[in-house]
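Student: Please work from the sequences and hints to get the whole structure.
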Amino acid sequence: MPDNQSHSDSIAGAGEAEQPVKVQARDVCVSYSGKQALNHVSIDVPDRSVTAFIGPSGCGKSTFLRCLNRMNDTIEGARVTGSLKIDGLEVNDKSVDPVVLRANVGMVFQKPNPFPKSIYDNVAYGPRIHGLALSKDELDAIVEDSLRKAGLWDEVADRLNHPGTSLSGGQQQRLVIARAIAVNPEVILMDEPCSALDPIATAKIEELIDELRENYCIIIVTHSMQQAARVSQQTAFFHMGNLVEYGTTEDIFTNPRDPRTQDYITGRFG
Amino acid sequence: MTDSADLPKLRQTVSERLPKRYRAEMRFRVAGLSAVGIAVAILLLLVGSITMQALPAFTVNQLVLPVQLSGDLVDPEGDGSEDSLRRGSYGRVLQDAVREQFPEVRDRRELRALFSLYTPLNSTRLMETVLADPGLVGETHEFRMPIADDLNLYLKGRLVADRTLEPVGTMAVSEAGRDFEVTAESEAFADLRDTVSGLLNQAADNLERRAATARERAGNLSGEDREDALYDAEDLMVEAAAVRSQAALENGWVEMSDSLPSILVETGETALRVTALSADGRSARAEAMLGGGAMSDVSDWSIYVIDTPESRRRVSDQLIVWTRALVRRGFVESGLNPYLFANADSREPELAGVKGALYGSILTMLITIILSVPVGVCTAVYLEEYAPKNRFTDLIEVNINNLAAVPSIVFGLLGLAVFINAFGLPRSTPLVGGLVLSLMTLPTLIIATRAALKAVPVSIRQAALAVGASKTQTVFHHVLPLAAPGILTGSIIGLAQAMGETAPLLMIGMVAFIADAPTLGLEGLTEPATVMPIQIFLWSSSPERAFVHSTSAAILVLLVLMIGFNALAIYLRRRFERRW
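Top line first, the protein sequences correspond to chains E and V.
Heads up, the first sequence is in our numbering, so the first residue is 707 and it goes up one at a time.
Heads up, the second sequence is in our numbering, so the first residue is 1073 and it goes up one at a time.
Calculated from the structure, these hints are not laboratory results.
Honestly, I wouldn't trust all of these hints.
Derived DSS-like pairs: lysine-lysine, alpha-carbon spacing no greater than 27 Å straight-line [what the hints assert, rightly or not]:
hint : chain 1 : residue 1 : chain 2 : residue 2
1    : E       : K823      : E       : K910
2    : E       : K741      : E       : K817
3    : E       : K791      : V       : K1526
4    : E       : K741      : V       : K1461
5    : E       : K823      : E       : K741
6    : E       : K842      : E       : K823
7    : E       : K817      : V       : K1526
8    : E       : K817      : E       : K855
9    : V       : K1461     : V       : K1526
10   : E       : K817      : V       : K1543
11   : E       : K842      : V       : K1081
12   : E       : K823      : V       : K1526
13   : E       : K823      : V       : K1543
14   : V       : K1461     : E       : K800
15   : V       : K1526     : E       : K741
16   : E       : K823      : E       : K855
17   : V       : K1092     : V       : K1081
18   : E       : K800      : V       : K1543
Not everything, but these chain E residues come out facing chain V in the computed CB check (under 8 Å) [as the list claims (entries may be wrong)]:
hint : residue
19   : N775
20   : M777
21   : A784
22   : A809
23   : K817
24   : Y826
25   : Y831
26   : K842
27   : E844
28   : A847
29   : M946
Beta carbons are placed, not taken as given, at the ideal position from N, Cα and C, and that holds for glycine.
Tutor: See the structure below:
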């Protein structure tokens, strides 16, 4: 993008421009009831890759993530300024309906939060409300496809009518991912998706994220630096509401430019 | 970190405190258990006493008399038209039916007593029977009517203390002027004679005590007052001496009076009331209450004693004798009380029922449910999910919470002023009652619904929003179903409270005496009606003793309704919860 190139000095970029830019942020600031949570963040996130946001608690990484699907709208007193574009479309524009946006930008939360409905209904909910399936067969196909993509199909194929809440934590999280991809979004946001899971379930989710990279732009917030190193291609380090450093994961972990990044990844913080 | 040397010390400190901690837990458990025990005991006591009180109301003794529906009495025009049948003298028909049983009763005063075996309201019921089946005109119809409330209680053994003695040997009755003399072979009256003289001695003791008090009072007075008090004392002493000489059977007889137990000598179709007992315990003077005439060598006879003196009960000896005769002749039938559920309110306890109040309650609750549940739930959803949080919504919230604490009678006054005076809606109707109760229930319902909505986890809302559900879809697809059990419980608690509410309905005139049940339907909404709690209130303030039992029965019916309501709440709750 020419616009991107001209500001390359001040804008954090991953450097490797193999993939086109999917998410473009310029001077994004967020405040909650007057309290600044995010300062002038500018970042370019490429498509079809995994970008990890790391940083200590309260550094603003989740806040930034929530800007991307306008979940901050639901928080009383939240104020977002700056420009935030997905596929060149301004997210915060008045003409953009958050419902349409969220259909395009799926989100997975820290704690698995399946609906208290059957596994099938959990996955089918998004397609149903958006009218993505014209017939029952089509819906069945979407559900199966999503569950397969989330690597859950083999485990739940024979009990689609069971409640989603009856699954184990790791399965629930994959169910939630299946629910998110069922509406076929372009961006998937994951807010510490493995923090409530055991290592085996975590490994499965990480594997899944790696597979999903083929088709989606994935942004993951994590507290685990090993996880960031394992699953992501780009890593952004946030600190005190600022984007400190952004680059390829390899660069960030082997050759950090900022001393704060160095301190954080070597465990000298907190 | 704790050093290994500190470990035993730590252990000691903990174990020293341990018994105290366990004792505290035990104390709490005992306190909790006893609280539960006390609550259960009080509940059982309450329900138990109400049930015991209510039992007599569920049965009734009915007179089943053959009534002659002769054409000239029932059908004065002679054309069998409804108009003519409505003008029939059904009271006369009933009177004739009873007189047929006791043809010897001729005196007007006695006749009036005889007709008090049943309430004249039964003539209306008889008319309705004939109107429903005009073919009965000219026939003899077996008509069932409840016996008068006091006699009903008497037959259930709840009005008087009585006993029947079976003396040995025979007895003879001889005529002595207008009266009779009963002579028994054995000393059949000896025990009764002793009882009576004992009671008379007690009465004399009482009189003497009163005389002593009067004399004492005289000591503190002077002049005329003193003289008066002394006269009183003297009079009382004379009276006491007379009673004592009676008790001592000085003239060989002790006279009975209405302040002494009634003694009836019964044999077959004859009943004699003892007027005097002889000293020898073998004979008694008596007057005829039923039948009469000299007889001898009667072996099948009994003495029926009513220990409650006639002056202290609501039914006379004569009525009891007639009632017993009717029972003996098989014209009294005891069974379940059909009037309790088939009739609306009545001035006569034996005909009063809860149907009117029950229908009134159902109609009122219908209006309340239809109005308050949708309005309350929608208000709560809007306030909780959509309304911006600002001063205005804060004010609304404070006001709703305040309204929940407003005394219910204030809602009644509001209903009177707004619905009846300003809108001109008809008084005493389920429509206005339902409106008032809806107003009263709304705050409770809104608060309960908001609490249920608040309890739905944020994660579910986020999940729905994140897949692109709109606000409304999130609320209706996810939040409301999850809050449904809580909303239901809140609604039903609020509605149950409304069902038991009396005060606001008093204000809008539902306290009136209404003898006809409202129609169970749309038109019933604007017909005068009353509700269960008000029926209970009305009956509990009625002087007739039988209404005590009707009141308890109505309370039981209301309790059963409430239990049904709450059971429905639990059932619905379980059903909704099963949807995870």
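Student: Going back to the hint list, which numbers does this structure go against?
Tutor: 3, 5, 11, 21, 24, 26, 27, 28 and 29
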